[in-house]
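Peer 1: Residues per chain are reported as follows:
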Amino acid sequence: MPPAFEVVDRPLDTQMTISFGPQHPSTHGVLRLELVLDGEMVVKCVPDIGYLHTGMEKLFEYKKYQQGIVITDRMDYLNPLGNNLAYCMAVEKLLGLEIPERAQVIRVLMCELQRIASHMVWLGTHALDIGAMTVFFYAFRQRERILNLIEAASGERMTPSYFRIGGLMMDLPAGFERRARQFTEDFPAAVDEWHDLLSGNRIFQNRTKGVGVISAEDAIDWGLTGPPLRGSGVPLDIRRANPYCGYETYDFEVPVEHGCDVWSRYMVRMREMLESNKIIRQALERLRPGPIKADAPKVVLPEREAMKTHMDALIHHFLIVAEGFNVPEGEVYQPIEGSKGELGVYVKSDGGPKPTRVHVRGPSFVNLSALPVMSEGEMVADVVAIIGSLDIVLGEIDR
Amino acid sequence: MSHDIEREKEIAAGSRRAATYPVPPAELVSALRRDNETWVSDSVEAFGELTLVVPRASIAEVCAHLKTAPGFEFDMLSDLMGADRGPEEEPRFEVNYHLFSTKRFHRLRLKVLLEQDDTHVPTVTTVWRTANWHERETFDMFGVVFDGHPDLRRILLPDDWQGHALRKDFPLRGYEPYSLT
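Chain order of the listed sequences is A and B.
So for the first sequence, my numbering puts the first residue at 217; every next one is plus one.
So for the second sequence, my numbering puts the first residue at 264; every next one is plus one.
Don't read these hints as lab results, they were simulated from the structure.
No false leads were slipped in.
Residues from chain A shown here face chain B by an in silico Cβ test under 10 Å; the list is partial:
#1 Val262
#2 Asp264
#3 Leu275
#4 Leu310
#5 Asp434
#6 Asp437
#7 Thr441
#8 Tyr460
#9 Gly560
#10 Asp566
#11 Thr572
#12 Arg573
#13 Val589
#14 Arg615
From a predicted model like this one, the values you see are computed outputs, not experimental measurements.
Think of the CB as a built atom: it goes at the ideal place given N, C-alpha and C, for glycine as much as any other residue.
Assemble the whole structure, with the sequences as input and the hints as a guide.
Peer 2: Structure representation (structure tokens):
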């Protein structure tokens, strides 16, 4: 493959071109960077992506709408419930479905749990990249509790496919609320523990403060969303800007830091986890018995018991499974606040049971495109810190 | 049973809305259409979203205007993506621009339609720098050429890949087994 830029061969020059990745552990997957270095200073940085490209957007066009949910799990595999939600909401918008209250509350509850779990992986690996190994184990110990909750609800730890078009796969299991409430009570102490381990550490502060600076104007121009944008002082959160699932009725803060550097992005995420914890508590308070699926028999699979006694339920089940359901012609774009930023799903329908085009606006994809702006002029070791602060997942970037 | 039929009619008409987001005020959009008659050739409002169809030649101009114009202030390009309507359709390709305002929180979709034989569009990287990778992806997947783009290379597929994978006439499994070695 030809290099992305002209390499000038000057023997006495101090510049050197290195290939960073794709098998480097601190690139969080298979990211490759071409770095031009002057000594230890990064002169030019060109990301090279696509190593994990699996043609998911093409695959959507060959699958029925309900089969597409499974594909979304595999994109941002640290935030699968967020992907499920964005896709389901886009299709629900085309169908005009109204989701019952209980399903909305459970969606919020599960998404916030998933956001914390995703941030825990970020925290562990980010600290590990910079050289603090202990935090990784502390973070993953707590993450296991969330994955156990997700497993209890959906049967899967990493690829739950828990949200379905028109509602949820099934209701929460017995004991879930008690375990989730216990988690929310223990969680602030765990965050304090991480702060003790990391935030006061002078080496960590020196490695992160003033590193990877991007101004608010540049951040908006480069399309940054989520914690990287809020770390640059822009108080933008899709949950507030374009509320969905009833987020406008929850009481939570949008943490903003003004340092524009790796440290600010770190602090935003640490504070955001506690806000998510608050939302989970409120959602647990709001859980009331009720239906978890929309009242749309041609779209939502019927209850198993109903199929044994009602002929029309049996027919609907057969038609949904065998032929899928038709979705009105049109196109929608549904943005949500994923754990990494604005996660937008575009769905276009021609009126049939399969979409003609699905596009996912991955926050990692856009955030990574701003990496050269942040890393040029920094030390090569700081590039690792900056990548960690962007919290990228290559499954979503390459799709 | 009649209840079901009524609901299906409503769903088919798309009149029932799920979660949606604000669009720019209607009087501003009509003012935009009135002031610059060549800028907007069509506008569609469906599912609570507003789409403006923009002629290809003026897309960069329209974007630059919407970025700063009072009342619009679309300072962020949320997403830019291509779509293929199928080899028989003409115009065959479309490029969708999803605009977002970090100040007013409203959204707008711009759409450029392209003929099969002439897939050139002016770049909007001069307006929002984030368009860079989105345009590369659209070029990679659909073969849409963005004139004036600073670095128009393939981004997800290998440089020596033949064809454009998300076109409708590109088979799901490709033309031949591809080896990365």
